[in-house]
Amino acid sequence: MGDAGAPLRFGIYPWGAVGAIDRVDGAAPDDPARAMAAVKELQGDRPFVVHLYGDYTGVDLGAADRLLSDARWWSEHGVGVEAVLRYRPAAALLGAGFAPWVRAVSGRLAALPGTVAVQVGNEANNTASAAAADGAYPGAVPAIARAVPAASDAVRAAGRSDVGVGLNWAADGSPCTTSGFWGALRATGGRAFTDAVDWVGVDVYPGTWSAPARTVVPSSAAVAATVTDTLRCLRTKHLPAAGLGASTTITVAETGYPTAPGRTEATQESVLRAIVAAVDGVRATYGVTDLRWFSMRDANTRSGQLENGYGLLRDDYSRKPAFAAFRGLVAAGGR
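Residue numbering for the sequence shown follows my numbering, starting at 8 and increasing by one per position.
Wrong hints could be hidden among the right ones.
DMTMM-like cross-link-like pairs, simulated, lysine to aspartate or glutamate; straight-line CA separation at most 20 Å [unchecked claim]:
(1) K244 / D202
(2) K47 / D236
(3) K47 / D72
(4) K47 / E83
(5) K244 / D160
(6) K47 / D37
Quick caveat, the hints were computed from the structure, so don't treat them as lab data.
Generate the whole structure from the sequences, applying the supplied hints.
Here you go:
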């Protein structure tokens, strides 16, 4: 995926709509031109990646085309693309079609010069919400274990050994607790799976879905402890359980701190700085190459709902303080 000795490569989810765990009001419409301008400002003269999502349902025949259209647009504008291929079958019997779909879509993504990574599945260990995580769909873990080699085969066949193939894990309040998730991936996927995984992503949200609790204003020390413990346990406990060694790099695939009543924009900036500093401080120790912020723009600022307020921008594209902070950190390579 990347070089853990190099500066962090940053990225962001560039749109507003989110897969929410709780019921939320609808998202305000995206403005692609303003989204592009904001991403280019964040990018500056550094490598930068947009984190995009596409869904396999088995019935939506246009899903791949929509994802590819989105990816192509960013690629043509000089922005790197990381595509998440989510497992969302409309019926259990359609799950078998996931690996062939992943193979086909990965081959098409590999034809885009901006593609840097393919993530197979999304939070298969998280069963809390069908809108937010693949784990709510039966058969997600074995389907992903079988689809990772399909993605790897497709990008290699296209001559794109530079495109990293991986999967992700949702860290919760107990990121060091042993889980059967990792062993199940290894048992189902076997050597084909372990040989195909270039990187593993972690979704960690200090003060929101990860410690400390939402009811407190997270200190920089508490944020750093959560991030560091999560990365340490992923590297030293969970990756070995999946049969993945030191050559498998780590990406912070999603991290963020949504604003809402009682959760200020100033705190968001503080948490952002603490997360990046913590990751940068241990990236060489734990083999971390990349970090993606979730997200660039609020889905619906005026709703006041937690999951509608993830953005560095409000839903009208006006800036929260964290936008400038993130821009500066990108320019400095995390330091």
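Problem set entry | In rising order, the numbers of the hints this structure does not comply with | 2, 3 and 5
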